[in-house]
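Chain by chain, the residues run as shown.
2 protein chains.
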Amino acid sequence: MGKKPKIVVLGAGYSGMMTVIGLQKQLQYNEAEVILVNQHPYHYLTTKLHEPAAGTRHHEAARVLIEDVIDPRKITFIQDKVKEIRPKERAVDLVNREEPLTYDYLVIGLGSAPETFGIRGLKENAFFIRNIDSVRMIREHIEYMFAKYRNEEQRDEYITIVVGGAGFTGVEFVGELVDRMPRLCREFDIPREKVRLISIEAAPTVLPGFDPELVQYAVEYLEKQGVEFRINTPIEQCDEDGVILKGGEEIKAATVVWTGGVRGNHLIEEAGFETMRGRVKVDEYLRAPGYEDVFVVGDCSLVFNDEGRPYPPTAQIASQQGSKVAKNLIALIRGGKMQPFRFDLKGTLASLGRHNAIGIIGKRKVFGSTASFLKWANDLRWLYTLGGVPLVLRKGFI
Amino acid sequence: MGKKPKIVVLGAGYSGMMTVIGLQKQLQYNEAEVILVNQHPYHYLTTKLHEPAAGTRHHEAARVLIEDVIDPRKITFIQDKVKEIRPKERAVDLVNREEPLTYDYLVIGLGSAPETFGIRGLKENAFFIRNIDSVRMIREHIEYMFAKYRNEEQRDEYITIVVGGAGFTGVEFVGELVDRMPRLCREFDIPREKVRLISIEAAPTVLPGFDPELVQYAVEYLEKQGVEFRINTPIEQCDEDGVILKGGEEIKAATVVWTGGVRGNHLIEEAGFETMRGRVKVDEYLRAPGYEDVFVVGDCSLVFNDEGRPYPPTAQIASQQGSKVAKNLIALIRGGKMQPFRFDLKGTLASLGRHNAIGIIGKRKVFGSTASFLKWANDLRWLYTLGGVPLVLRKGFI
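Top to bottom, those sequences are chains A and B.
Residues in the first sequence are numbered consecutively from 1, following our numbering.
Residues in the second sequence are numbered consecutively from 1001, following our numbering.
I should point out that these hints are in silico values taken from the structure, not numbers from a laboratory.
In this text, all values refer to a predicted model and were calculated from it rather than measured experimentally.
Computed from the model, here is a short list of chain B residues facing chain A with C-beta under 10 Å:
{"hint": "1", "residue": "HIS1040"}
{"hint": "2", "residue": "HIS1059"}
{"hint": "3", "residue": "SER1134"}
{"hint": "4", "residue": "ARG1136"}
{"hint": "5", "residue": "MET1145"}
{"hint": "6", "residue": "LYS1148"}
{"hint": "7", "residue": "ARG1150"}
{"hint": "8", "residue": "GLU1152"}
Pairs of lysine-lysine residues, derived as BS3-like cross-links and limited to a Cα-Cα distance of at most 30 Å, are as follows:
{"hint": "9", "chain 1": "B", "residue 1": "LYS1004", "chain 2": "B", "residue 2": "LYS1327"}
{"hint": "10", "chain 1": "B", "residue 1": "LYS1252", "chain 2": "A", "residue 2": "LYS123"}
{"hint": "11", "chain 1": "A", "residue 1": "LYS194", "chain 2": "B", "residue 2": "LYS1123"}
{"hint": "12", "chain 1": "A", "residue 1": "LYS88", "chain 2": "A", "residue 2": "LYS74"}
{"hint": "13", "chain 1": "B", "residue 1": "LYS1194", "chain 2": "A", "residue 2": "LYS123"}
{"hint": "14", "chain 1": "B", "residue 1": "LYS1083", "chain 2": "A", "residue 2": "LYS194"}
{"hint": "15", "chain 1": "A", "residue 1": "LYS81", "chain 2": "B", "residue 2": "LYS1252"}
{"hint": "16", "chain 1": "A", "residue 1": "LYS224", "chain 2": "A", "residue 2": "LYS246"}
{"hint": "17", "chain 1": "B", "residue 1": "LYS1327", "chain 2": "B", "residue 2": "LYS1006"}
{"hint": "18", "chain 1": "B", "residue 1": "LYS1123", "chain 2": "B", "residue 2": "LYS1194"}
{"hint": "19", "chain 1": "B", "residue 1": "LYS1194", "chain 2": "A", "residue 2": "LYS83"}
{"hint": "20", "chain 1": "A", "residue 1": "LYS252", "chain 2": "B", "residue 2": "LYS1081"}
{"hint": "21", "chain 1": "B", "residue 1": "LYS1252", "chain 2": "B", "residue 2": "LYS1123"}
{"hint": "22", "chain 1": "B", "residue 1": "LYS1123", "chain 2": "A", "residue 2": "LYS252"}
{"hint": "23", "chain 1": "B", "residue 1": "LYS1194", "chain 2": "A", "residue 2": "LYS81"}
{"hint": "24", "chain 1": "A", "residue 1": "LYS194", "chain 2": "B", "residue 2": "LYS1081"}
Restraint ranges, calculated between C-beta atoms of paired labels, are given here:
{"hint": "25", "chain 1": "A", "residue 1": "GLN39", "chain 2": "B", "residue 2": "GLN1216", "range": "38 to 48 Å"}
{"hint": "26", "chain 1": "A", "residue 1": "ALA377", "chain 2": "B", "residue 2": "LYS1194", "range": "39 to 49 Å"}
{"hint": "27", "chain 1": "B", "residue 1": "ASP1239", "chain 2": "A", "residue 2": "HIS40", "range": "27 to 37 Å"}
All C-beta atoms, glycine included, are put in the ideal place defined by N, C-alpha and C.
Input sequences plus hints: build the corresponding full structure.
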């Protein structure tokens, strides 16, 4: 029994969960010891966090208790925070655990951290759509400012919301805000037209790199809902009063949410792996260069396409990586052969509030309620993967 | 038509509403011109404000749109704020109206303002259960601090709530907080036992002046629900970090709600009426001394009982005053004789959350669900007085 290989998975994001769920489904009870380490007792659906952040959906819909979906006879869950990864010693130090966690195989799926590109004051004064705690905070902050606007002097900046970055998260978040505003304004006796929603993007277009026809559809829809776009306009500074744009213009706003980019977890660099912008450029089996026993997945990994360009970090690639790592770990344990990872892009969808979305499925462009339905179906499929029909029924319709 | 007497009623609280509703029911269409002036488009139920403040009930349940209950053919409603009362010129200046409002009869029901007894920093750093805007702010502030506790450093003061004053409002508010906490803690992933609710009272007892047996019942019930009482303990100072008690002890709390007392509206003193602590000591017909055409009702008035002690300002006395003033105004208009005001104390009830209360009805003490039911019935009766069965059905069960 002591000779069972020990697999440690760090992080219960899309990739980490897919790894342990894959192992749980395919491993026999005594083939390996599998340990999952995560800071919170739950997995959260990063692709849905913009909804509880805007307050259009309860955050319970965006998280799943780990104990509800793992089989404790196959997976041991440790709720703790990783302090240090020491790949040369095959050990991981946790914050609340004296002895290090040793492993035969390590899977690192520790997710990303906000990238602020050196913009002054952003880290201190902006909010980030990052995890359950942070989006609950954004929702409460917006409501608090609305309450202040009514209860104190009616200062316009209390009901001005700036969203920095108009990539997928930024656009999806603005879409949710647009859906939320009429109800929120009624709740706080504030005329809707007083509220400003401003989307600021440094690149020359919204959703940089995305299909121009879909971009135009999204912008026209959101502008009709009262969103102001400031494109081609980098933010120079963020302070307590709002943001200062390149050129000096100041926008006063009590709420600034930054969605402008992510980078790899700092623990990756600190562990001594070769990194690019905080990510590990993994080999074809998703291993860290120089380590046959360390797999890096999700936002901490960097995978290049055939043209030599990195794939953007998405839930889709993360879950495919987790699935592949689970298969390859089983191959290693059973003395089989590993398969290289190849990303299969099934499509891209961005929601624009509850009843609208845009996207590309295969080569087909989708708009409106069709796209919205596909995104919803996608969420349901992920819940099904995690916890089968019971989880879909419990979470899919909150 | 130009000779119709003109009645101006300032304030849509219990007394002001009771005056206009009384006039509306008893006056013929062309007997008088009646104008109601109020800052907000709604009347609010001051005796219920502790519920939306704690978040146990929506604030919509505690307010009634004025236009829903007045007959515009009999009462003209002006939404505006009073700037100055000039009783010698029979005129009232409003903030957003150039020409003054003149009157033949004036009814002043402008309510109260918080009395801070000179405690340093209270005005700046504490919240007050005052009106719809302020209680919405308290609810949001508490939630915001809970969100901060989770999202930032877990500092205990974020989830410490100090309630200054353990009179009726203070005790009722603490009772609602106790009801709210389990749900709030679940919402923010905070263990209930981490949250501190502290009730601080300068007098030697909770509910000073109230029946000792009922006081004991209330204190034992609330202590069992985790409330800490600091009795006989004046607050010396309130700052951004919390409160400092007499003797120097500091209690760190991000939320301080002051319920320790009220005084008359500052406009009363500024108008040159004789006042005691901001209230007008009215004559037996509720008129300001020296003015036959000015009635003062509700929290702005001071009425003494047979032992020469002032009645406390309550909704009960306010609505009885409004009712009497309406009758006397009709007598004046029709050339009849005015009746002196006599307060008829029907009883006193204080809620302890949703399912418990204490009180005295006549000479009978009531506890628990019986008292709770009576308080609920009382609220319904007021809604019925304002807007009949339709309003009871719309508001009474929110």
